[in-house]
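On the provided structure of chain B, position chain V as indicated by the hints.
Read off the chains here:
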Amino acid sequence: MTWVLGNLDVIRERTLEHLVLALPPVLLGLVIAIPLGWLANRTGAGRAILTNVAGLAYTIPSLALFVLLPPLLGTGILDSRNVIVALTVYTVALLVRTVADALGAVPTVIVDAATAMGYPPARRFVAVELPMAVPVILAGLRVAAVSSISLVTVGSVIGFGGLGRMFTDGFQRSIPAEIIAGIVVVLVIALVVDGLILALGRVLTPWNRIGQAAGRGT
Amino acid sequence: MNYLGWLFDGSHWTGPQGVPARLVEHLGYTALTLLVGLLVAVPLGAWIGHTGRGGFAVVGLVNGLRALPTLGLLVLLVGLVGIGLLGPLVALVILAAPPILAGTYAGVRNVDAAVVDAAEGMGMRGPGVLFGVELPNALPLIIGGIRSSTLQVISTATIAAYVGLGGLGRFIIDGLATRDFPEMIAGSILVALFAIVADLLLGGVVRLLVSPGLRGGRRPRRLRPVSPSRPDPAAAAARASGGPS
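Chains as they are written, first to last, in the numbering used here: chain B, 1 to 218; chain V, 1 to 245.
Hints were generated in silico from the structure; no laboratory data involved.
Possibly wrong hints are sitting among the right ones.
[To be verified] Looking from chain B toward chain V, a few residues come up when the C-beta cut is under 8 Å (computed):
id: 1; residue: Leu-27
id: 2; residue: Ala-116
id: 3; residue: Tyr-119
id: 4; residue: Val-157
id: 5; residue: Ile-180
[Unchecked claim] Some but not every residue of chain B turned toward chain V, in silico, with C-beta under 8 Å:
id: 6; residue: Leu-94
id: 7; residue: Val-154
id: 8; residue: Pro-176
[To be verified] Ranges of calculated distance between the beta carbons of each label pair, as one might list FRET restraints:
id: 9; chain 1: B; residue 1: Pro-35; chain 2: V; residue 2: Trp-47; range: 40 to 46 Å
id: 10; chain 1: B; residue 1: Ile-49; chain 2: V; residue 2: Gly-82; range: 45 to 51 Å
id: 11; chain 1: B; residue 1: Val-184; chain 2: V; residue 2: Leu-23; range: 33 to 39 Å
id: 12; chain 1: V; residue 1: Asp-112; chain 2: B; residue 2: Ala-45; range: 29 to 35 Å
id: 13; chain 1: V; residue 1: Phe-131; chain 2: B; residue 2: Met-117; range: 31 to 37 Å
Keep in mind that this is a model prediction, so the values were computed, not measured.
Don't be surprised by glycine CBs; every beta carbon is placed ideally from N, CA and C.
Chain V on its own, in the form it takes in the complex:
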């Protein structure tokens, strides 16, 4: 069977059900969900990390979320709210917020105590320390959380086509309904490419935004002997916030 014929058929690239229109929909859901997730999770995570209160709840929430079946959450919310945009979007936000929360919390929490001490020694106080020192130092892990969250949202938005949402997942669900396997495969290729490109772009954002001093690589000072490839607890925490989606 010619699997790729569908993808290179020009008629599938125009109109409200064409690839560009579905891609824009998928991008729109992802951007909207991430925006809401960021507005909720970054302030909350920064506060928990700064004060150290409620850290256990964050870890528990992220672990519990990994076990929560996304399809179950989607159909349950759509059943409660009704068919439309709201149900799936609420489900997406519920899935998007915890990785960002965990990344922000772990990032702020893992800032080197000596750095915070130095900032306080220089006369910085609570909010100054948080915004001037802790958050910039936490940026790699915050962006790590946003990356996990983005993949989760792209994946769940694809599955949400099952409950009537638009986006690239439509090709998979509609293709299945009409037994059009080339359409399903084209949809899957597009979804996978979308996820890979989004992940690479966010990887690029780390390079642009994060202070060169935090990016690893060559460190200016080496006070203790560096053991080869010792797992970095902060990086492990950030990686643990994600999972296959």
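In isolation and in its complexed conformation, chain B is listed as follows:
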């Protein structure tokens, strides 16, 4: 506890560093996964190829991916962009299938109704299909965000890891309090981000709230 109180500025700095590494990949991954998921849902071949590639990317352990990206990207081994790209790859791999499943689960009658009302395909996708798919996509996004927040710490082994640097530092200098504080802050960030995505889901799907309220009879 004394270590924590004496090093609040270190914890704050590492936390900011951590968020900068962990959160952009989640947003980037989502933006990339939506068109890919649409493609996977549209064509059988697209689905087969994308799910297999995603499965493969998913299988590669994080530390190995952090090291394998530099020769592919032309970055240096010690470059924080490797961590961001690797986490984006994981997010896309996780969300492509989720987005495809979510779009596939939109009831056909709703899509047909929108078509009958004169929605052109692109507008129908943005205004009807995507909003209907939001709950499932956000469930996947929660997994991706929490994984990303946790995986950033692995980067500290090769020099970039936000709060993970509290693990390597605490290990080398034998300060258990620093390691425990790092774990707790990672868990808290994960919990808060998870809660925020959950809240975002409520805001984005007002029709579900109305349904629930009616169900409770209030």
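For chain V alone, kept in the frame of chain B given last:
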């Protein structure tokens, strides 16, 4: 820079620090951890799934685990237990058990109620239903859990090289220490290949062990109209137990 030169240098393929020896170490850690994880998680998961008690705890545990930073757990346990095999192995077991537990629980829980009814109607009782009907029906999800768990263990064992464990992760950590980037890249390629091959092999095990009636594909009867690619809740639960590692 010639990144692949290291990998094809014969001198790196012999001796106690050569690729085969490190691969055997990595395999050994993975097998040992999975064995302990299976012994703990399958009976517990089967019991929770069969009785329906404690399901919430399983879901919470798996979700919490995804947020738990593996490196933090490793350095903490090694700090508590001391440098050696025990600390990292305890950390590996803690990370390996929950996906298997979740897979077994979800598998047993999601067995079609009509199938269990039929078994009971045929005179089967508690243990008979569990071992003769529920567990075989749960096998795809149990193996799914073992697959997630295996990837988690292979990945964490790689990171554990940082706290002194052997295995393929040594090439990454030692290469970093001596600024030998080709060695790091060779180690990463080997780790990635190891994970991919292990995953493919376990995928093959599903084909060998699981009853043909459960493997999806052509179903003998279609009572309700099949909507295209509706997410299967059981499969979603099994997938949710894993994550990038």
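request  = State the violated hints by number, sorted upward, taking the hints as numbered earlier in the document.
outcome  = Numbers 1, 2, 3, 13 - these are the hints that the structure violates, sorted from lowest upward.
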